[in-house]
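Q: Given these sequences and hints, build the entire structure.
Line by line, the protein sequences are chains A, B, C and D. Heads up: the first sequence begins at 360 in the working numbering, then just goes up one per residue. Heads up: the second sequence begins at 360 in the working numbering, then just goes up one per residue. Heads up: the third sequence begins at 360 in the working numbering, then just goes up one per residue. Heads up: the fourth sequence begins at 360 in the working numbering, then just goes up one per residue.
Heads up, some of the hints might be wrong.
The list cannot tell twin chains apart, which means a pair is met if one copy fits it or any two copies do.
Derived lysine to aspartate or glutamate pairs resembling EDC-like cross-links, with alpha carbons at most 20 Å apart [said to hold, decoys possible]:
1) Lys387 x Asp447
2) Lys706 x Asp696
3) Lys387 x Asp663
4) Lys387 x Asp690
5) Lys463 x Asp447
6) Lys463 x Asp518
7) Lys463 x Glu478
8) Lys706 x Asp663
9) Lys463 x Glu512
FYI, nobody ran anything at the bench for these hints, they're computed from the structure.
There are 4 protein chains.
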Amino acid sequence: MNFASDNVAAVPAELLDALVAANQDTAKPYGEDEYTALAGRRFWELFECELVMLPVATGTAANCLGLACVTPPWGAIYCHQTSHIEMDECGAPEFFTGGAKLVKLPGHGGKIDAATLGEALSQAQIGSQHKVQPAALSLSQATEFGTVYTPDEVRSLADVAHSFGMKVHMDGARFANAVASLGCSPAELTWQAGVDIMTFGATKNGALGAEAVLFFDPALAESAVFRRKRAGHLFSKMRYLSAQLAACLADGRWLSWAHHANSMAQMMANGLAQVPGARLEHPVQANEIFITLPSAVVEGLLGDGFWFYRWGDPEPDTVRLITAWNTQAADVERFIDRALFHAAHPKG
Amino acid sequence: MNFASDNVAAVPAELLDALVAANQDTAKPYGEDEYTALAGRRFWELFECELVMLPVATGTAANCLGLACVTPPWGAIYCHQTSHIEMDECGAPEFFTGGAKLVKLPGHGGKIDAATLGEALSQAQIGSQHKVQPAALSLSQATEFGTVYTPDEVRSLADVAHSFGMKVHMDGARFANAVASLGCSPAELTWQAGVDIMTFGATKNGALGAEAVLFFDPALAESAVFRRKRAGHLFSKMRYLSAQLAACLADGRWLSWAHHANSMAQMMANGLAQVPGARLEHPVQANEIFITLPSAVVEGLLGDGFWFYRWGDPEPDTVRLITAWNTQAADVERFIDRALFHAAHPKG
Amino acid sequence: MNFASDNVAAVPAELLDALVAANQDTAKPYGEDEYTALAGRRFWELFECELVMLPVATGTAANCLGLACVTPPWGAIYCHQTSHIEMDECGAPEFFTGGAKLVKLPGHGGKIDAATLGEALSQAQIGSQHKVQPAALSLSQATEFGTVYTPDEVRSLADVAHSFGMKVHMDGARFANAVASLGCSPAELTWQAGVDIMTFGATKNGALGAEAVLFFDPALAESAVFRRKRAGHLFSKMRYLSAQLAACLADGRWLSWAHHANSMAQMMANGLAQVPGARLEHPVQANEIFITLPSAVVEGLLGDGFWFYRWGDPEPDTVRLITAWNTQAADVERFIDRALFHAAHPKG
Amino acid sequence: MNFASDNVAAVPAELLDALVAANQDTAKPYGEDEYTALAGRRFWELFECELVMLPVATGTAANCLGLACVTPPWGAIYCHQTSHIEMDECGAPEFFTGGAKLVKLPGHGGKIDAATLGEALSQAQIGSQHKVQPAALSLSQATEFGTVYTPDEVRSLADVAHSFGMKVHMDGARFANAVASLGCSPAELTWQAGVDIMTFGATKNGALGAEAVLFFDPALAESAVFRRKRAGHLFSKMRYLSAQLAACLADGRWLSWAHHANSMAQMMANGLAQVPGARLEHPVQANEIFITLPSAVVEGLLGDGFWFYRWGDPEPDTVRLITAWNTQAADVERFIDRALFHAAHPKG
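A: Set out below in structure tokens:
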């Protein structure tokens with residue numbers, strides 16, 4: 360049973376149905392098709408504004424295309440030290456931007472706070488030809504530790520960034536989980552709070568491989584189509600990307616799936632809290648749980664065949680559990696039961 | 360009716376079925392899944408060698424990842440002046456390589472000949488620090504004009520390239536059509552003829568969006584996985600890419616589809632040859648027809664609602680017609696009939 | 360005796376004197392010194408406008424910094440097919456721009472004409488995401504063949520470029536020779552004729568190693584200081600660069616030196632015209648002569664120990680002769696005498 | 360009086376004399392001249408090995424050319440968090456490498472220790488396609504805080520780096536000061552201790568603008584000449600760069616100049632130690648002093664017209680003082696006297 364990641368889950372039948380439905384007759388290539396137009400309209404409705412939307416297939420592509428549009432080669436991207444763009448993209452932001460620098464900021468629970476950002480920026484020597492120049496703030500929403508920024512927190516951070524002439528980027532690989540957690544509107548959590556560009560992730564929330572780069576200020580998107588093509592991310596048969604996005608947004612599915620994943624995470628967290636010696640490392644606000652368990656429990660669960668990762672930080676027995684759109688309550692219950700069992704019956 | 364491109368066609372049901380079949384349970388991410396392994400094995404069988412295979416989603420990505428693995432930033436990629444990498448990728452090869460230069464060669468029918476290549480290379484000043492250094496020869500197979508290189512022609516070109524220390528890349532966006540046309544084996548047309556790296560195209564031959572970068576010499580692939588990730592082309596749910604490739608290769612489908620497209624092109628060429636004043640601009644060896652027709656015929660066909668492009672070269676009334684895996688013989692017949700009709704009844 | 364290049368000559372004593380004069384006490388680093396300020400003022404006076412001036416040490420750096428300021432990675436730089444940026448910089452423009460493409464144009468005598476440019480641009484598909492986008496026109500003044508553009512020719516070309524939204528760059532490695540040849544003012548030949556950015560070359564005209572990047576529109580220079588530093592071209596002890604530039608511009612030296620070199624080239628061309636069978640390949644308008652001589656003459660001169668290059672184009676016995684600020688009339692006379700001698704006394 | 364930097368000082372007369380001496384007759388361009396050959400031989404002698412030497416004009420160029428030869432775009436360069444390449448080059452390493460990442464390490468006195476390096480590398484996930492790959496360790500010798508690595512320390516660090524497959528780079532902008540401080544041979548401090556590539560700095564030690572990139576393993580230099588040209592750092596009149604280097608190395612001048620600067624720093628440190636409340640922040644091992652002084656003393660000295668910088672770290676009244684090849688003992692004495700005076704007579 361998978362608690363390893365949300366990117367190893369199968370996809371909802373609705374998405375395969377959408378591909379079949381899109382597979383009719385010919386369609387204009389390179390995004391001139393009706394499915395891309397439909398997806399675009401649904402994003403306008405969802406975000407209550409006339410954004411520019413570009414479908415791509417991976418989160419790395421989405422993040423880096425967006426960032427490159429606002430970051431010159433001598434720019435600096437401020438991000439949390441645990442962020443995906445810094446840790447897990449093999450230097451993709453550097454590649455897409457032509458060699459920009461990522462400035463890593465600390466912060467509890469994977470979150471940057473406005474004071475930390477402000478202090479870092481106050482030392483940036485803006486205008487000095489010897490220094491990379493602050494260009495973008497990138498916020499992960501939800502964070503790598505499954506915590507979320509409130510709209511007020513986003514606003515505070517965006518205000519600082521904007522006051523230094525930077526743009527605000529949101530890595531929303533798990534944006535759906537954040538919205539589901541906060542109960543606010545997508546608009547409130549993004550452009551109304553100062554976000555300029557974002558990755559709207561669908562892949563971790565069910566899609567086969569589809570993400571949308573959203574530009575709330577169309578002027579920021581001017582170079583985007585050229586960057587997309589140069590990076591090999593312009594799909595000739597774009598309808599099969601766009602149909603996924605359109606289907607995710609239909610009938611609020613994207614949010615339902617995220618709600619489900621989040622609720623499974625809550626169930627898991629609550630259940631594991633009963634394990635003697637368990638300690639939650641971060642608040643569980645989305646679909647990720649970071650929890651330190653007794654060593655015997657961790658080993659017992661792995662021995663049971665559950666699939667999840669030891670995170671190893673801050674303790675060797677800290678584990679990461681991720682729930683997905685299709686996580687079964689029965690599986691969570693079984694996980695909890697077995698954890699309690701192993702806690703009660705440590706091997707020796 | 361579509362004769363505009365092979366990338367606007369719908370996809371075969373077998374491919375959607377393959378996606379459904381791959382949508383079972385969890386699968387390891389990033390290419391560690393069984394579908395990717397299966398696709399890899401099928402490529403080994405098809406090409407009769409232990410190649411390295413990387414699935415990506417677009418031809419531009421496949422071409423440029425392959426080329427970047429053998430071309431340093433100060434390298435030169437020799438290619439036909441009409442090649443896709445030079446004309447239609449918005450500088451993607453330059454992006455992926457870190458600024459290499461494409462050297463454009465002339466040649467009839469979209470084909471480079473060995474003498475032209477040899478002469479160009481003899482002026483390259485290899486070793487001079489003032490000059491970009493020949494690194495790769497890129498051959499489009501089939502070419503942009505629907506012609507094909509024979510294995511002997513590939514061998515002659517590869518010999519020249521190798522004698523200058525270069526590697527040989529094949530842009531096989533329409534490789535299936537070339538194989539179908541020539542009747543040789545994939546191995547004979549590639550590594551046995553000196554090709555080192557290739558793009559095996561599936562998208563123009565039916566897939567939703569799937570291409571394979573093939574490295575016949577695994578040593579050339581050393582940097583490939585890092586380049587793929589940095590460019591945002593590492594799919595977390597890679598099974599949905601690989602399942603397409605595996606399904607294309609199953610039961611010789613890829614070749615059947617290409618055979619069909621080619622035969623439709625032959626039918627079209629033969630039929631249009633009967634139009635008075637028609638002149639084929641290039642031999643029809645794959646699934647593309649470049650033909651100059653009387654102006655009244657072109658306008659008449661467009662007026663009928665057929666979808667195809669005026670190519671405008673060498674004549675204003677030269678048109679490009681492309682057939683696909685699903686082109687219907689009845690549609691071709693109707694196109695021919697209408698062409699003959701318009702030739703007999705010019706408006707005016 | 361050197362007729363091989365103007366970059367192998369020693370430098371005028373005035374320039375070494377200027378270095379000694381600049382070597383007093385401490386000076387602020389990185390261009391905050393008085394010598395850089397002085398050079399800047401002299402450029403303002405010389406060009407009759409408030410340009411932005413950046414001293415660098417090589418022509419390649421100057422050309423590529425300027426071009427990069429106006430050319431995005433997906434941009435195209437239109438240039439003559441024989442231009443230095445295309446032929447002799449090992450891909451430096453591609454490096455500085457992050458992978459732009461150079462579009463090579465033909466033209467007699469190393470010169471582009473406005474009609475050729477216009478026709479090329481009319482096919483550029485501006486706005487298409489599949490195509491690199493015209494960004495800059497680069498004109499070499501004087502050209503690689505020692506010809507010059509008149510102010511009217513520059514204006515015609517600039518008008519075409521500007522009408523397509525491009526900027527105009529001038530590679531003025533031998534700008535001094537062009538001005539000396541034309542008798543116009545620097546302003547007339549540059550910004551008044553539509554040039555936006557230029558390399559003002561001093562190295563081929565006497566300096567140890569000093570070039571100035573000039574931005575006639577300061578807005579185009581916004582990114583220049585960051586690009587300069589990132590490329591390692593910001594000199595801490597900039598005074599020694601700037602002192603060279605200031606000394607070149609003092610008392611019209613730069614123009615006197617170029618006048619001298621040009622007059623030596625005229626003397627040489629006139630003298631060699633008397634050699635039976637000699638044919639000038641290009642008009643001699645600056646300090647370069649491309650002339651085809653009888654084979655026996657070429658061999659005889661090389662045997663005499665004169666240092667110059669066979670150009671090999673259009674004939675094997677076409678040679679390139681370059682004069683410099685310090686070419687001696689007696690040496691030119693001797694060269695001519697010996698050429699006439701060899702013509703009259705062919706060996707064998 | 361200058362204690363602000365060693366790059367604001369005038370240059371020794373010997374170097375201007377060397378330029379005059381090199382200004383004879385013609386010289387082959389692009390490094391084929393005798394002065395470059397001479398400089399090369401002197402480096403062989405000095406380092407007791409057949410290294411490859413490339414002259415360039417700035418330290419940033421030298422550092423980044425060297426690093427780029429051993430660091431792929433997906434590589435990581437491990438360096439001290441205060442290193443020049445990280446802090447003061449506006450992202451030049453990222454530019455030259457095509458987007459590599461700098462990994463910042465902490466350490467007292469600007470020095471990395473082997474344990475810190477080993478621990479960081481143990482977390483690097485070598486081979487993972489999601490992660491940048493350790494490629495180079497860069498050591499600043501002397502460091503940004505005027506401390507030096509002993510040969511044993513270099514060896515320990517190099518052993519760790521090599522065990523992870525990395526190459527070792529030394530930023531020797533103040534290498535002369537380090538050698539003067541340690542009394543060892545250049546060979547002992549570099550290749551015999553495991554350094555693979557280095558910047559031998561001359562500019563901060565007297566030169567107008569000249570640095571040498573040294574490759575102790577010639578195989579690592581294979582791409583260097585192409586990278587140099589592409590970056591605009593190939594000088595046509597290279598003799599004027601090389602003559603500086605050759606003159607610095609003649610008669611042990613480079614070491615004498617550094618000895619002098621170091622001794623002036625010692626005198627300064629010893630003198631200021633007598634100021635009540637003074638605290639040296641780092642050991643004075645080269646030509647830089649970081650010292651915290653009473654606020655009144657700092658203000659008094661600035662009021663006296665001495666030119667130096669408040670460093671502001673760790674205290675607002677921490678200052679940085681740099682001595683140079685031409686620092687006068689009398690000036691140091693005067694600085695000390697005035698510091699003592701201000702300490703005794705605080706304003707108020």
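Q: Tell me the numbers of any earlier hints that the structure contravenes, in ascending order.
A: none
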